[in-house]
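Since the structure of chain A is already known, use the hints to place chains B, C and D on it.
Residue numbers (my numbering), protein chains in the order written: chain A, 1 to 296; chain B, 297 to 592; chain C, 593 to 888; chain D, 889 to 1184.
To be clear, the hints were calculated from the coordinates, so they are not data collected in a lab. Hints may be right or wrong, so weigh each one.
To give an idea of the interface, some chain D residues facing chain C are shown, with a C-beta separation under 8 Å as derived from the structure [unchecked claim]: (1) Tyr1004; (2) Ala1006; (3) Val1060; (4) Ile1092; (5) Thr1096; (6) Gly1099; (7) Gly1123; (8) Thr1124; (9) Leu1125.
Predicted model only: the values in this text are computed from it and were never measured. Ideal placement from N, C-alpha and C gives every residue a C-beta, glycine not left out.
Number of protein chains: 4
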Amino acid sequence: MTDLSSPNARSDRWGKPMRGWRLWLYTIIFEADTRAGQLFDRWLIALILVSLVVVAADSVEALQRRFHLVFFSLEWLFTVLFSVEYIARLTCVRHPLRYATSFFGIVDLLAILPTYLALLFPELHALIDVRVLRLLRVFRVFKLAEYVSEYQALGAALVASRRKILVFLSVVLMVVVIMGTVMYVVEGPRNGFTSIPTSVYWAITTMTTVGFGDITPKTDFGRLIASMMMLLGWGTLAVPTGIVTAEMTFRRVQPPQPTTRTCHECLTEGHLPQAIYCQHCGAPLPAYQQSGGAGA
Amino acid sequence: MTDLSSPNARSDRWGKPMRGWRLWLYTIIFEADTRAGQLFDRWLIALILVSLVVVAADSVEALQRRFHLVFFSLEWLFTVLFSVEYIARLTCVRHPLRYATSFFGIVDLLAILPTYLALLFPELHALIDVRVLRLLRVFRVFKLAEYVSEYQALGAALVASRRKILVFLSVVLMVVVIMGTVMYVVEGPRNGFTSIPTSVYWAITTMTTVGFGDITPKTDFGRLIASMMMLLGWGTLAVPTGIVTAEMTFRRVQPPQPTTRTCHECLTEGHLPQAIYCQHCGAPLPAYQQSGGAGA
Amino acid sequence: MTDLSSPNARSDRWGKPMRGWRLWLYTIIFEADTRAGQLFDRWLIALILVSLVVVAADSVEALQRRFHLVFFSLEWLFTVLFSVEYIARLTCVRHPLRYATSFFGIVDLLAILPTYLALLFPELHALIDVRVLRLLRVFRVFKLAEYVSEYQALGAALVASRRKILVFLSVVLMVVVIMGTVMYVVEGPRNGFTSIPTSVYWAITTMTTVGFGDITPKTDFGRLIASMMMLLGWGTLAVPTGIVTAEMTFRRVQPPQPTTRTCHECLTEGHLPQAIYCQHCGAPLPAYQQSGGAGA
Amino acid sequence: MTDLSSPNARSDRWGKPMRGWRLWLYTIIFEADTRAGQLFDRWLIALILVSLVVVAADSVEALQRRFHLVFFSLEWLFTVLFSVEYIARLTCVRHPLRYATSFFGIVDLLAILPTYLALLFPELHALIDVRVLRLLRVFRVFKLAEYVSEYQALGAALVASRRKILVFLSVVLMVVVIMGTVMYVVEGPRNGFTSIPTSVYWAITTMTTVGFGDITPKTDFGRLIASMMMLLGWGTLAVPTGIVTAEMTFRRVQPPQPTTRTCHECLTEGHLPQAIYCQHCGAPLPAYQQSGGAGA
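For reference, chain A alone in the conformation it holds in the complex (with noise of 0.2 Å):
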């Protein structure tokens, strides 16, 4: 994977130019390393942060009622911010169709276009907020290098157990679709199961152990499957874990550690089982007898 903390790696991506006012901009917004570059990036921030907040805030009926027209003007305000950004990011790298295609590049197209949508489909104006994404830059503003590190350690692990996680899925996707029927026939629409998507989405909130109680079983026979499914649910996270933990304390138990057998010369503790002679002053030690041991 490209090496993110070598401003070089990254260039080699999207084409950092060689000369001019172009050279310029790209060191300001794609770059951290100079002082305008971090202030760029603090003010981007901070920027996003009081877009989202806007945006949150235009949606509580109390404060929409006395703000709507300022909360809207800041709205195309920032959008407007944020294209030109956006322009000006595709206009000062070489190869401009690599950075809209990248990860970051969707992120910064998909910040903006809600606002241009929502011209013609009003009701998807609070989609803004998927602006929130832009806020994983916060990591290289602040140089956070170790944290970008984090992040991909995670993503590598879920692509590394990606398999696992398919089979697992594949199996709870079966069970609650088999459940989910079986409840649909066992009570009915009479008692909330209206239908065989509506009796898998009650699966679903009782294996994940959500239990909303918009819907619940009112038979015994239902209420008896429901019983079997929470206990599989749990027991699907409480089972593994107890294991995990009781293979855990038997081999604290077992391992050859060093022990309080004390050399009769130099009065040194802590050796090994099998140990013949002191490990300090190298005298005789005498045999070692196990006193019943085990335990934590």
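Chains B, C and D only, in chain A's frame:
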């Protein structure tokens, strides 16, 4: 366990025919090595998925009113097709009874039975969804032997731990029966705890942290008992997890573990870092240099 | 700990009689080595199970109206039988007091007390279900010594970790008391948080992720605090789990695992990456090329 | 970290007086080595517990109507006593400012402040419960130095993992903000999702599997998104747990681990149990004797 990647192995179970039309049918239906065999499997998966969607859609009232006749016809079409396939499977193997009693054989039968049973018991109609288990074939279709082995590993792990699981389950069952009964006595039918079975159902929703909320304790003493049960159910997950993590962190920080230091005289290795004399022959040990050792 | 598989060991605790009718009674009631002893135990388990079902059924109103007299008579029959058995146990051992104060002795007494207490306090009738603890004998009945040792292992693990558990519990209790009080101040009785104990009960339902929903925060500030508590309660499970998994995945990548390197001379495979000579025949091995190896 | 079991160490922090009435006061209040010191601590714990119960009881309406005057008087008595104690602490150490800014110093101040603040802001009265933090002293009272080290270990573990925790939290926060916003758009205020902050609150109850049920999705698309969030929140616990358990079981079953077997010719160690020839020089290895070794 049979090596499922080898076709010779599989056919030994049900008996691969030697020649003729039965062999031709077998290679298409049971094997996925020929193009016809793969095509058959992909169509089969598609048909199963479509039939599941049809049954689910038929349970949604809005869709049922408009499309019931279409759904009904499609459902019988699928059932007839799957029945023909089932009979084909039975006729082309040499030991039909072994197939019929194997896991996949039973699943294939359960996939067509509900439609016929629904003629007698209309309310069982929805159980057609059980045929989702047929989708376990999807891994063979796409030659995903690794997924099959992941499933088998999962199953094997469960079987190996069955004693621990049974002990754990029995303790949980005893706790919920006793606690459920106590809550029945403390809260009473007036507060929603209408009978002991109902109270046990509530106890299970509480211990597994699902918490539907259809039944909740109203008295102070009842809420106190409920609080203890909640801490028990959640703690059963949190405490072992915490212990395991503490162990892990401890090992990273503090390993006065025997090392690979080797004595020059007697060649015994495995001395503690602080040892000065050999534990086996008493000779002086060379000084210990750490190589930046342990852990993450 | 006493070796429970050896009958001589067990009898040392309460005193196995030497001879006569008391010895005969002892071998039937306390031991399961003779056929009469096994028969006794199986009938005992069956009787306990039936009595539990009777008490549970008697609490269901629909069944109670129709069968109360039957249930009532059966319940007294069981209690009389169990009382006779209890007295038999006391009379046939040499140290009846030791039996009466042992775990099983107390359980056996609690199994018959509620029925008598219910003569004075009718509402305690349901506590007869406490006799479910007698079912712990089921493992001895079926000579399942391994299950007994699993139980003991579970108990031993809990005892060994008692300090960590107490510390953890005390932290959780302090958090819920403080957070519950804060929510009481923020939300107030008007929003369901009627008193500090009630608010602490709500805090426990939230931190343990049970979430009944009988009490919920209505104010924005209250919901903010609730959000932090939910993340705390769920995070206490998720964060350690994630850390442990990260550690594990890291270690899998590191250690010198046997590979699939094969010796050309004798075709043995499974040599370590650093091996130069075959472990089986001593011939030189070809150089090792990693193929991008590690991971899931 | 300071060794808290050594009184000399502790006094270095705030300054143990040299002589006179201040030294006498110090040994009673801050130390628990003398009988007077222990008595003081036990009375202090008892007083704290009683004052907590008084504040909690005062919030229960039924009790408040009958006993408010008693509670009120007791509360002021406690506050006066604790204030006197606090001033005593400040006066008898040599560096009062260090004590006032230490953890215990702040806790002791927060324990008496609310009662005074409640004169100005009556609704803060209940925050007196914050003094429950003073109960952290209980471990010193009973000379439980091991509990103190357990607490410190817990704290140290959290500090060491702070980067991972921050990364994890930030991912969770981004997910709930985006998902909450999406649900706000999909469901709308008509279905309970009255604003973006409210929807984010719902998203947190769902991902943390708390599931109050005060807000629930009503549309099919909303329930679909909710299902994915529930599987995500529960899966974040279940998947790593399953992976860890699978790893553990794998290691138990299959350890062709390198051992510490050493070749006599070239002194290379770390051969597999089944190896016959040295992997480094090809010489024959001595036979392998297991010492009861690896794995549970």
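Each hint, compared with the structure:
For Tyr1004 (chain D), the interface hint is violated, the least distance from its beta-carbon to any beta-carbon of chain C being 16 Å, above 8 Å. Violation of the interface hint for Ala1006 (chain D) is found here, the shortest Cβ-Cβ separation to chain C being roughly 10 Å, above the 8 Å cut-off. Given hint, Val1060 (chain D) at the interface with chain C, holds; its Cβ is 7 Å from that chain's nearest Cβ, closer than 8 Å. A least Cβ separation of about 5 Å between Ile1092 (chain D) and chain C falls short of the 8 Å threshold, and the interface hint therefore holds.
The beta carbon of Thr1096 (chain D) comes within 4 Å of a beta carbon in chain C, closer than 8 Å, and the hint placing it at the interface holds. For Gly1099 (chain D), the suggested interface contact is upheld, since its CB lies about 5 Å from the closest CB of chain C, less than 8 Å. With its C-beta approaching chain C no nearer than about 10 Å, Gly1123 (chain D) sits outside the 8 Å limit, and its interface hint is violated. Taking 8 Å as the C-beta cut-off, the interface hint given for Thr1124 (chain D) holds, the closest approach to chain C being about 5 Å.
Taking 8 Å as the C-beta cut-off, the interface hint given for Leu1125 (chain D) holds, the closest approach to chain C being about 5 Å.
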